[in-house]
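Residue numbers (my numbering), protein chains in the order written: chain A, 724 to 1081; chain B, 821 to 1173; chain C, 5 to 312.
Calculated directly from the structure, the hints in this document are not laboratory data. Every value quoted in this text rests on a predicted model; they were computed, and no experiment measured them. Ideal Cβ positions, reconstructed from N, Cα and C, are used throughout, including at glycine. Wrong hints could be hidden among the right ones.
[What the hints assert, rightly or not] Covered, in the sense of this in silico footprint (three residues per stretch, anywhere, with C-beta under 8 Å from a C-beta of chain C), are these stretches of chain B: (1) 854-865; (2) 1010-1016.
[As the list claims (entries may be wrong)] Sample of chain C residues lacking proximity to chain A, with all beta carbon distances greater than 10 Å (derived): (3) G46; (4) T62; (5) L101; (6) I138; (7) Y150; (8) L155; (9) F162; (10) R165; (11) G168; (12) V236; (13) R244; (14) A276.
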Amino acid sequence: MRLDLVPRAGRSPFAAILAPALAFLASVLLGGVAVSLLGVSPTAAFAAYFIAPLSELWSLQEIALKAAPLALIATGLAFCYRANLWNIGAEGQFVVGGLAGGCVALATQGSAGFTFWILPTMLAAGTLAGIVYAMIPAVLKVQLGVSEILTSLMLVYVAELLLDYMARGPLRDPAGYNFPQSVAFDAAARLPYLMEGETLHAGVLVAFASVVLATIVLGRTLFGFEVRVVGASPRAARFAGFSEARLTLAAFAVSGGAAGLAGIAEVAGKIGQLQPTISPGYGFTAIIVAFLGRLSPPGILVAALVIALTTIGGEGAQIDLRLPLDLTRAFQGLLLAFVLGADVLTRFKVRLVPGGAR
Amino acid sequence: MRHSFCACLGAFLLLLGPAQAEGKLKVGFVYVGPVADYGYSFQHDLSRKALAEAMPDKVETTYLENVPEADSERAIEKLARSGMGLIFTTSFGFMEPTLKVAKKFPTVKFEHATGYKRAANVSTYSARFYEGRYVCGKIAAKLSKTGTVGYIASFPIPEVVSGINAFMLGAQSVNPNVKVKIVWVNTWFDPGKEAEAAKALLAQGADILTQHTDSAAPLQEAEKQGKLAFGQSSDQYRFAPKAQLTAIVDDWNGYVISEAKAVLDGSWKSHDTWGGIKDGLVVLAPFTNMPADVKAMAEDTVKAIAAGRTHPFAGPVTKQDGTVAVKDGETAPDPMILGMNWYVKGIDDKLPQ
Amino acid sequence: MTLDMVQMILVTVLTAATPLIIAAIGELVVERAGVLNLGVEGMMICGAAVGFAAAIETGSTLLGALAGAGAGLGLASVFGLLTVGLAANQVASGLALTILGLGLSGLVGTSYVGLKRDPAPHLDIPGLSDLPGIGQLLFGQDAFVYAGLALTIAVSWFLWRTRGGLILRAIGDDHTATHALGLPVRKLRFLAVLFGGACAGLAGSYLSLAYTPFWAPAMTAGRGWIALALVVFASWRPARLVAGAILFGGATVLQLHAQAASIGLPGQVLSALPYLATIVALVLLSLGRRQGGSLAPAALGRDFTPHR
């Protein structure tokens, strides 16, 4: 027996919704089996993971907060991945974005009078730092043909060590007993809160606006068109006269800028100071989000919310049901695997044919 | 419509949720690492288990592990919202988030480990690990044949730096010419890298290792090469029965239990606890793999520290640059130890400033 | 610096390089077949957990290593099914494998925390192993080290001296043409993926059985990613891969030695050196082959469906 894949003529919109839904169902079922093996009722686990976080205003805000950087970074990455450029260093671009913007906040610490310009400058500095940092692998690729997968990844470690050094050394709070953290930013250097309770900050709006903007750019502009054509058919792009080098730089700039912006939004929003680590792995999780969302900005938004939901639900499950954190991770991996597998339904008709594999 | 939906959902959750006995104090713990690290977080989790065992009908415990510092505010608030009455946040990096959540939940008591900022409902606690390091330094200087000790350090924060200094002062009290070689691995936990650091130090002539990282890898490396070493955070004897001299064990059991009791009987107040050997927060694992006289010396030192007769930072203490940090006849005040960012004389390494 | 000290440093470099070599040589075969599997870290950590668990249960290091390889192979079969069978995106599937592997390894390993085993036995040939300067380095290592080098030689021989290797490389360069010639593209790719998984699992079990013989969560600490980087670094050639692994291991180990000899640079700078060195080496390599074009297998990372 062998699996045969027959391409579908057009994308079936029905399958495009059915496939991820089926994938979700399959992972939930398999997850349920794993949960019962650990001696916990699957219905209770389902409630803890998927319903409890949605039933409280606070946890809804937290989901939005967690999803925002993921969606923002993943949206940027979608431009790269659509064009078959493999920037996997968003984590590093996020970190330098947070660091650069944070430096602006620290340099302007204590400014009196007109301070309205500080926050926009921070956001701009973060974005710019992300772009510049992403330019390293992009330029190396364009000029020398060095694999961007490798350089962008290596630069993640370098960025993390740079932040670590800065937070423990030059930028640390002089009154803080030499503990590794900067002073807390002034209010003028913080993103405003959107609701009572000091949880939801304006970074969420930034992320949402970026997703909308990306949807328009990707779908309705020449640049978006070029990205899509290069991804779908590099030959056609070459015949059309699109410059691969220019596109590479542009796509890296978009993803680096998005990651840098997410970084400074996180620092100016949630954290409010510089510390040795500012990311719980957003840059890497965003890669998963990008593919879960199948590289379309609206899909990415949904995917980011799902990942945020399971992460926060996973914490609830740890507290209430003693389900280990590793289970949440395994579930997220499983979900992505199923979504990718199910994606085949939207692209191909799958047939089992007798005979050996070829 | 919307409200009734929420109400139904709530009822549904109540039905599904685990039955919770009324009147029990719920105690939550937030760990920065996995409870399976067999080091710092593991040791903290032992105290959670000890608490649950000590008062099974009065408390209920739970924890969140592997909480990244950048994500800790949500984890702490989640615990506060889950009806916890007492929450232990066990890493320095949780300081600001703990304070922020504490402000929102004034009736919940918080205990933050190794920090320095407090509030009406936030206590801080830590252990004088440096006392144990002083004892280790003395043992090392006595037993080292090459006169060189290897020190695997994580990050240059005051706790680690004061540990290095105390170790050196202890060692110098036995052998003024002892050398300490320091390797910063920039991680709390990476067995492979810790093992490599151990190998590098052993290759450069160190015959005794000590570490301020969490895994048992350096101990095992010492054991493999027939050298000696000290355990960290928990008693790691089982990993290296022929190499472990002793281990500086964090014993939070007594503290955690007494704090829970204080919350239960209403006597809890915000305070700062910085306990050492005397208070049972720092415990030295049984002295092994050493001759009787060294063992006796170590035990005497432990007793002397507990009785207050010996202080690791008793003057005169001279800094690397020759200036006097602590005058003869005085001992270093706590704020100096808490914020230590200089080396004592004799250490051949530079601290990042 | 004495001869013995040089030897000790070289031994440390060799053992630090071994898990990278074993994992990377597997991935090299996968990528030569045109498949990019980014899940090395996940397969490695599962190999470490399962390998250690099996060794504890059976008391045998060999069975542990085999079980570790088996765990990597099992995860790789999921990846193969997704990418080779269903033509799913390889980058994303690899990442799914990484988190899945991290999660599974934690679930498997949880009951083995705090247990220890004796490290895998080292070769000891009376006379040879005691030779000054080179005895320990050449004749005093554990089986994993020799296995890693043997694997490299075997893979090198297979890829360039056998018909199977030729076909594999051809598939990696042009799956459409090889398919048209009637070659079993998907079958061979699947086998290559399985081989890569087994190697990654074996590399993981080296960590938990020989390098630091206990289980700890996330103990691979990013070595799977380094292995991936090495394959590109080596421009898909086994001999260069060994050189790269030794260079990277050497940079890591030497920075620790530099610290122990108190060189006085911040630890973060020294820790960043291996990564910066890798980037610099890559740049130099590509400067050297400006005219030659890319050395990557031409079909690397592109999915293949026979009917297209």
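Report task. Tell me, in ascending order, the numbers of any earlier hints that this structure violates. Result -> Those not satisfied are hints 3, 5, 12 and 14.
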